[in-house]
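Q: This is what each chain is made of:
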Amino acid sequence: MKQRKDNKGFQRSANPVISQRSQKTPDKEVRPNGSGSKHPKRLFASKILFILLVAFGTVYYTDSKNYFEPNVGFHEKFTMPSFQKLITTDSVDVCLFGNSHLGNGINAHYLSNALGATCFTFFQAGCDLQDVYYLMYDVLRQTHIKVAVVETYSMTNAFSFESEKKNKAATFKFKTTPTKIIATPFLFDVDEYWAAWSSTVRNHEFIFKDTAQINKNIAGIEKYPPAKRIYLGDTGLNERGIGDSLMAVYDSLGPIMDGELVKNDKYDVEYLEKITKLCKEHNVKLVFLSIPEYHRNLKGYGHWRKVLSDLITPTGCPWIDFQAQYDTLAFRKEFFQNERRVNQHVVYAGVPHFSARLASFLRDSVDLGLPNRTNEEGWKKIFYGTEGYYFYNTPNANDTTAHTLCDSLKIGPVVIQNAYWCKENNNKGFYIKIEKNSLTREQANKPMEILVEGDFQGRAIRALFNILPTDMFPVRNYLYKVSVVNDFTPKAIIGLKPPVVEAKVSKEGGN
Amino acid sequence: MLFNTFSFALFLLVTYTLYVLVFSKNIKARNIFLLCASYFFYSCWNFKLLFVIVAVSAADYFMGRKIEQTKTAAATADNQSPAEATTYTPTKEAKKYLWIAILVNLGVLAYFKYTNFFLESIWDLLGLFGIVHSPYSALNIILPIGISFYCFQGLSYVIDVYKDKIKASNNPVTFFTFIAFFPQLVAGPIERAGNLLPQFEKAFSFDYEEARRGFFSIGAGLIKKMLIADRIAVYVDGVFGNLGEAGGYPSLVALVLFAFQLYLDFSAYSQIAIGTARIFGFKLSENFRMPYLSVSFKDFWSRWHITLTNWFRDYLYFTLGGNRKGKYRTYINVLIVFAVSGLWHGASWNFFIWGLLNGIYLAIFDKVFHLDPKKVYEKIACCLVVFFGWTFSLAFFRGANLHDALQVLGNIGFSNADTLYNFGLNSMEFKFAIYLIAGLMLIELLLKNYGEKVSDFFFNKFFIFRWAVYIAIPIALIYLGIYGEGNDNTFIYFQF
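So the protein sequences, as listed, match chains A and B. Going by this note's numbering, the first sequence opens with residue 844, and the numbers climb by one from there. Going by this note's numbering, the second sequence opens with residue 19, and the numbers climb by one from there.
Hint data in this document are derived by calculation from the structure and do not stem from the laboratory. You may find that some hints are simply not true.
What the hints assert, rightly or not - Result set (EDC-like, lysine to aspartate or glutamate): computed pairs, CA atoms no more than 16 Å apart in a straight line:
id : chain 1 : residue 1 : chain 2 : residue 2
1  : A       : Lys884    : B       : Glu227
2  : A       : Lys890    : B       : Glu138
3  : A       : Lys890    : B       : Asp225
4  : A       : Lys1052   : B       : Glu503
5  : B       : Lys301    : B       : Glu219
6  : A       : Lys1109   : A       : Asp1153
7  : A       : Lys1059   : A       : Asp906
8  : B       : Lys185    : B       : Glu228
9  : A       : Lys884    : B       : Asp317
10 : B       : Lys397    : B       : Asp384
11 : A       : Lys1289   : A       : Asp1314
12 : A       : Lys890    : B       : Glu228
13 : A       : Lys1052   : B       : Glu447
14 : A       : Lys1223   : A       : Asp1242
15 : B       : Lys479    : B       : Glu227
16 : A       : Lys884    : B       : Asp225
17 : A       : Lys1106   : A       : Asp1153
18 : A       : Lys1176   : A       : Asp981
19 : B       : Lys397    : B       : Asp317
20 : B       : Lys301    : B       : Glu228
21 : B       : Lys84     : B       : Glu228
22 : A       : Lys1117   : A       : Asp981
23 : A       : Lys1149   : A       : Glu1103
24 : A       : Lys989    : A       : Asp933
Unchecked claim - Chain A side only, calculated, beta carbon under 10 Å to chain B, not exhaustive:
id : residue
25 : Lys890
26 : His1047
27 : Glu1048
28 : Leu1141
Ideal placement from N, C-alpha and C gives every residue a C-beta, glycine not left out.
Chain A extracted, bound-state conformation (with noise of 0.2 Å):
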């Protein structure tokens, strides 16, 4: 028998016995395209596992490159943030909360300038008091805060509550991972699992209606911080305020809200009782705020204040109210939006005057123990330069923006706080300070004349001025802002000349 060796050098038959096994088993069926496995199944199942793999890793791939991430815009995307980067460095003394009157109403640095505090904003369109708890629950986990302001938009809010879905949302925030899945068709209001959890899969739309965003997206632009200055969530979202272009359009404001159709509803009271206890905990003092409308704009304010004051009162905290004050704010057309719409926001123009209005409720109506920061280092890092800085605070002596005249300056019975030029174009004008208790509030109304000297073209000269406070709230001094020629350039005040309050005589001739 011919003998031949294999690779290995063994010797093979030429007709080589088969072993008893092999005569058992029958040929393995040829299937086409390898499917002939011993194991079609677990191999048919690698298969389905490797293509799903495949797509759930570029799905898992874009989902962590944001490339389909809406344009939330900037507050939404940096508040918390930032927030959580400034409590690494400084304390925040208060705290606001609310919707988007809040957001367009105040600004957290005209209303620290003003207050020599630190304010911080959180405000979420729409939301309601719910979110406000888990909200105010979330800041203080993360640090102490003297005062919290809740702005009353969010109670009562038409659109809030509306569904019980919300609400069991609500109750899961904050919470573990496996509460968040349980709850996720609540927290994010889908019934797809895959699509709450992936911005893929929830904006996948966007390859052929926003382009635009995921190029953005993909470009990387708007990453933190976009500016030097910190961010403490205030914005101006409106520019500018009803004027006669508007009313040259049309023949009225538009639609009209009806406060007679506002209601709380159990969850008010509920998520009220809630923050409150909160606050309690934390040792926060608890204010509220009402940011209005255009007088014009709104009817029924009795009743909306009657709900509001039913629901207020019970927590014996301080409440300023802009909408019933009917002195000037609610009443000035160019603080609000220039549109034919109900639910009125507060317009940029009106920002600095509600800010300044809300710091001195904050610091002389109420006895809240917040701090006077002004001097310190760090308080004056963040604020310096920034909007209403140099209308309540003092520039530094070597400022180039802001130069200063004069430091506590008393002429006669008046106490010039702080007098100051400034070149800068949004600030630009030459401001006078008075300390506020050196006026009575008649004389704060009166035109004041005073007498500068300064250099004019080269020659110094000397100026009188008749000077009127601007339309600033004074919270710890009045501001008179002095208009000058270009060429003028201040350097001393020499003299001021105090308005002349006549006394009230009565009828009767007595004083």
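Given the coordinates of chain A, assemble chain B onto it according to the supplied hints.
A: Just chain B now, with coordinates in the frame of chain A:
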């Protein structure tokens, strides 16, 4: 639970894994498992209405058994075993049971689907004579999903038993599973008991090739549904929802696109159903065979919703006498069948007219226009005639009411071309949909001419391309599919 949802994917994954690993070895356990899975699938939509399907199944099962017993009794009387009996004449008793089954099935269908339609029609008629003046307030009757399909499937079973085409099932689990089998429960294909019922009595063994092709079929169906049909639906809904604003060109485009939407939507459903059944080891009947490549209306109806057409042919057309009673009677029979088919689709006069119109096409147009082409250009011309004739009739199918249907037909023209992209799809998405339709029609043309060769080549030789396709399918579905909040992703035929 829709086929094009994540919940169904999860349901399928769990069910299939349990089916293959646990329940496949024992036929009885397998059928019980399939029945439970099917009932769970149905109850995800409406648990309460599950009783309708159980009741219909029970009625059909017992009537089938009763008819079978009459057969046995008749055979015993003739001293023959039922198997030996060569000729079978149904007894009066059997007829009685048949009528009970017909009454139950059609009665359930009539109550849930046609009550409001009939009452509203009578109301309108009375209104014409000034007897009533107020508008009809519809009764709050929920239409059980898939009722037209499972009632017809149950009815065909009883009729087939009556006609002695099949033996009645003596296993309630098998029969109930046959009626409720989840892949084809809600929108067909309408299976005959002769085809599907015996498959429940065969053991399942995992077949790699079948599983592979089944899953591919599901993927391809989902691509058709989620990438094309649902995308077109956005545009079509946009136009039909704003007929007052839609000018000539958008209306024309919407109607043509609806023809594709309907085809892709329903054929996708059938493809997914067939694929799903295939991975479970069942072979369902083909429901579509490239209908838009038909060269005559007769050809079209042998390719469109094949199982329903065959149902009407076998159980209504032939019962009416078919074409054996003269030329004019044949025409009338065709018109009756199509009018009933229209009403089967929906309880409104729109569907009635749609059915009638297609009956007229079939009875008259084929003859008048001699749609029997031989040369290629003749075939193309005939294809276009059939397509546009069909598309014209779809105005009645899609319109919410007669007024809408007539309005869209009245709108049709070439004006307002500049507003084409104002109805939900921007130019990029619109073009994408058009390219996909064109690509799909090319594939269909390829499959028509080369059929099995293409599929064998794809599945056995074309390794890299095949794997590229396998991976591309889920990725395309996730990134390019139409789904999520604000999209209506239900299948059109679910409403029937």
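Q: Are the hints correct? Go through all of them and say.
A: Verification of the hints:
1. A/Lys884 x B/Glu227: holds, 11 Å
2. A/Lys890 x B/Glu138: Violated. A/Lys890 to B/Glu138 sits at ~55 Å, over the 16 Å cutoff.
3. A/Lys890 x B/Asp225: The hint holds at about 15 Å.
4. A/Lys1052 x B/Glu503: Roughly 15 Å between the alpha carbons, so the hint for A/Lys1052 and B/Glu503 holds.
5. B/Lys301 x B/Glu219: holds, 13 Å
6. A/Lys1109 x A/Asp1153: holds, 13 Å
7. A/Lys1059 x A/Asp906: Within the cut-off at roughly 15 Å; holds.
8. B/Lys185 x B/Glu228: Violated, at roughly 29 Å.
9. A/Lys884 x B/Asp317: violated, 41 Å
10. B/Lys397 x B/Asp384: Distance ~13 Å between B/Lys397 and B/Asp384 Cα, so the pair holds.
11. A/Lys1289 x A/Asp1314: holds, 12 Å
12. A/Lys890 x B/Glu228: Measuring from Cα to Cα gives roughly 15 Å; hence the hint holds.
13. A/Lys1052 x B/Glu447: holds, 8 Å
14. A/Lys1223 x A/Asp1242: holds, 13 Å
15. B/Lys479 x B/Glu227: Status holds; Cα separation ~14 Å.
16. A/Lys884 x B/Asp225: holds, 8 Å
17. A/Lys1106 x A/Asp1153: Measuring from Cα to Cα gives roughly 11 Å; hence the hint holds.
18. A/Lys1176 x A/Asp981: Outside the cut-off at roughly 37 Å; violated.
19. B/Lys397 x B/Asp317: Holds, at roughly 12 Å.
20. B/Lys301 x B/Glu228: holds, 10 Å
21. B/Lys84 x B/Glu228: violated, 37 Å
22. A/Lys1117 x A/Asp981: Answer holds: A/Lys1117 to A/Asp981 is near 14 Å, not above 16 Å.
23. A/Lys1149 x A/Glu1103: Cα-Cα ~10 Å, so holds.
24. A/Lys989 x A/Asp933: Holds - the C-alpha atoms of A/Asp933 and A/Lys989 are around 13 Å apart, at most 16 Å.
25. Lys890: holds, 8 Å
26. His1047: Where the cut-off is 10 Å and the nearest Cβ of chain B is about 5 Å from A/His1047, the hint holds.
27. Glu1048: Where the cut-off is 10 Å and the nearest Cβ of chain B is about 7 Å from A/Glu1048, the hint holds.
28. Leu1141: violated, 33 Å
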